[in-house]
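Residue numbers (my numbering), protein chains in the order written: chain A, 1 to 622; chain B, 623 to 887.
Take the hints with a grain of salt, since some may be wrong.
Covered by chain B, according to a simulated footprint, are these stretches of chain A (three or more residues, beta-carbon under 8 Å) [as the list claims (entries may be wrong)]:
id : segment
1  : 115-128
2  : 545-555
Here are the computed distance ranges between Cβ atoms for each label pair [what the hints assert, rightly or not]:
id : chain 1 : residue 1 : chain 2 : residue 2 : range
3  : A       : 187       : B       : 806       : 55 to 65 Å
4  : B       : 802       : A       : 90        : 44 to 54 Å
5  : A       : 125       : B       : 806       : 32 to 42 Å
6  : B       : 664       : A       : 51        : 52 to 62 Å
7  : A       : 51        : B       : 731       : 29 to 39 Å
Here chain A is said to cover these stretches of chain B; the calculated rule only asks that three of the stretch's residues, wherever they fall, bring their Cβ under 8 Å from a Cβ of chain A [as the list claims (entries may be wrong)]:
id : segment
8  : 774-784
9  : 791-799
These are computed hints drawn from the structure, not numbers from a lab.
Idealized CB from N, CA, C, for every residue including glycine.
One letter stands for each residue in the lines below.
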Amino acid sequence: MSGEGKATGFHGWLPRSLDGQLILFTTTSLVVAILGYAAFTADRQSQMASTAMTAQMDSLAKNLAEVSAGYILTADLTGIEAVITRTASFPSVVSITVADAAGRPLSQVINQQGRIIPQYSGERIVPPAGVSDLAKPHAEARTVSGWHLLTVPDETDVVWQPVTGGQLLGWVRVTYSLRDMRQSALSAWRDAMVFSGLAIGAALYLLVALLRGPMRALKIATRFARDLDHRLGEQTPVASSTVEIEALGTALNSVSARLAFQEQGLQESARFTQRILDSVVDGIITIDRRGIIQSFNPSASAIFGYAADEAVGRNVSILMPEPHHSQHDGYLETYMATGVARIIGASREVDGRRKDGSTFAMDLAVSLSAHQGQPLFIGLVRDITERKRIETMKSEFVSTVSHELRTPLTSISAALGLVAGGAMGNIPPEAKEMVHIAHKNSLRLAHLINDLLDMEKLAAGKMHFDLQVQALMPLLVHSLEGVRAYGDQYQVRFEVTERVEGVKVRVDGSRLQQVLNNFLSNAAKFSPPGGRVEIAAVRSDDRVRVSVIDHGPGISPEFRGRIFQKFSQADSSDTRQKGGTGLGLAISKELVERMGGAVGFDSDAGKGACFYFDLPVCEDAR
Amino acid sequence: MLAGSVAAQQPVATYTFSVVPQYSPAQLHREWFPVIERISRESGIRLELKIAASIPKFEAEFSRGVPDFAYMNPYHAVMAKHAQGYLPLLRDNKPLSGILLVRRDSAYKSIQDLNGRVIGFPAPNSFGASLYMRALLTESFRISFEPRYLNTHSNVFRHVAQGSIAAGGGVNLTFDNETLEIREQLRVLYQTPGVAAHPLVAHPRVPVRVRDLVADAFMALQRDESGRELLKEIRTPQPARADYRRDYLPLELLKVQKFVVPEKD
């Protein structure tokens, strides 16, 4: 983190643009490299100049000493003067003195801006002490050096050279100026700096010229990429000057083309989906978590009478009659807060409200989805007014037919009963058998019609219940009495194994007996001959369970799911084998539930079955 | 000389021209060569410049009659006349004076102050600077001194300036020719009476016609600027006809003979 902080600090100094950074880095490198090299070169040139200068002055002093020896011996001051006058015109020489061994000047000249002036009033000069090697020039502490030259403006150096001829004859002293050397060092530095400046300038110019094209192309590409969302499919001009920039331009163009193609595909796909939604028969309505309608397809418009733009944005409760109209927001809030759903995830019949205020029956299936991280409820609506009307007509028809059938059938059955019972006198044995069969089947038919009528009454809500608080066990015993003869018919014995004395329930006695008869006759029917059917009543807290247990073939796993549905039997062959309408268990379930109870069963295939119903115990009446 | 005699019959006769080495041979050659060349060209007489290595050598040579023409100091003219009969042709119009120089800041105010001191001279027999001067110092001023011969006038001036000698003898012409720097250092303590300047002499074997042609050409140098420049260089700005009897015979009367130092060449 601290490293990142440093990096931020460092980057704070940098230009933000790439070309700025490139130019900065390159310039810095160039300046360091070129100035470094220039300084090195200039310093070396200065060193070389100073080396050459000292060598030249040493050699000059030495030559003078050689030449002067003869003149000193012959006391030829003119000769010395002539020689040193010529020598003094050498560049940088300031003065030359030839002295005798005692340091008395014999001849002396000074170089005054190129004019050589002899001096005749020279003071005695003091040669350096401790010159051991008389053959070598002796320089007084030399100040000549590359860098030093730049800082010391007008300094001179002195070279001493002994004049010898078997003994010390005199001295040559050459004083020379460092100014020329300094000038040449300075000009070396100046030239180096000028060259550096030019080189840096040229490099910068080249860099800027080189970068201008690619940077402009990069900016164009950036602008193109930024605006690509509303310029899909367009192409940017590709600059071919740089491979990378060209690749970028080509890639952008390729992306643009591909995105345009994909966009087209998406739009196609959306149109396709929209067409499906528009042409689907069912109404499809989506709402958000607050119940606001998000979409409303044409079928929904047809069903409710609202145009899509009328419905979208309004609360979905406009599509509901009271009390849901007022309470719908509460349903949603409850669902969002607790997850307890009233209708989500299932399909059920509800009432809808059209724009004109009329209500109608509809099938509503609500599923939950999510859109952009928010819950989205999708309602699938189907107008079932017509289906309901047909169902009502069918029920009424069945009811009517059953009533119309039952009256004559009752007469037929009663007449056959009388004939079969011999009330009409003896009939031939052949006819007696036929009459018996006709009577039995007329009873079955009557039973079937009674079941159908019961079913219709239950479905239409017309079944009347006379609920009374009464003891359970007597009802049980009474039922057992009723089916004993039926049991005998199948050679089955009924046995009460557990009892709950004194427990009262609030039921319609005849309807509860109808349930028990059903359970018991089923058990007898499916028990093997000589078998036993057990009846147990057990209390558990505030409920009581009555179980009817047989030892028949049990219920196959594939049949268990629809055992309480109408017209269902385990095997279609059972109907004729075992008799029955297949309505008994469905009616029993409806009856128990209307009386506040519940039905159920346990079964292991091959080991019999246990059908039971639970009823709430009526404590107050105890 | 032999060349000269043979040259009399030859169309391309060459005459030698010697100059007294009062200065360095190089300086003399530089000053005299253009003069000799022009005179040769204008006179039609071929001259060859010869510069002796030293004054004694020069004296020895003219004593043997080697040069056809010679430029020499006044007393040399006397010596040459006696030895070989050399005749003076020309001399500068300005008389020659010997001068005695001391350092400007020295304590010597009179010649007597120099008694017992070292006095420098160019050469023993240089007339104005040495011979005549020594004769006067000894005979007229009666001082004794240690002479030191330093070959050239310039060297004498420099030794005086440098302080290694108390005084030095020279002549007005050479002193005037010196640089300002050296002249500023020196002071003239004494000047000898004027005598005829350095003569150009000719050996008697040189035909009169040749002598005249050369003398005329020399005289003619005064007529133009470049010629005058050349004359100035050789310290003879105003050449005039010389006459031994008038100009140099008086020197014989000065009795400087005993001050002549015979030198080996």
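Hint check:
{"no.": "1", "hint": "115-128", "verdict": "holds (count 5)"}
{"no.": "2", "hint": "545-555", "verdict": "violated (count 0)"}
{"no.": "3", "hint": "187(A) - 806(B): 55 to 65 Å", "verdict": "violated (39 Å)"}
{"no.": "4", "hint": "802(B) - 90(A): 44 to 54 Å", "verdict": "violated (23 Å)"}
{"no.": "5", "hint": "125(A) - 806(B): 32 to 42 Å", "verdict": "violated (21 Å)"}
{"no.": "6", "hint": "664(B) - 51(A): 52 to 62 Å", "verdict": "holds (56 Å)"}
{"no.": "7", "hint": "51(A) - 731(B): 29 to 39 Å", "verdict": "violated (55 Å)"}
{"no.": "8", "hint": "774-784", "verdict": "holds (count 7)"}
{"no.": "9", "hint": "791-799", "verdict": "violated (count 0)"}
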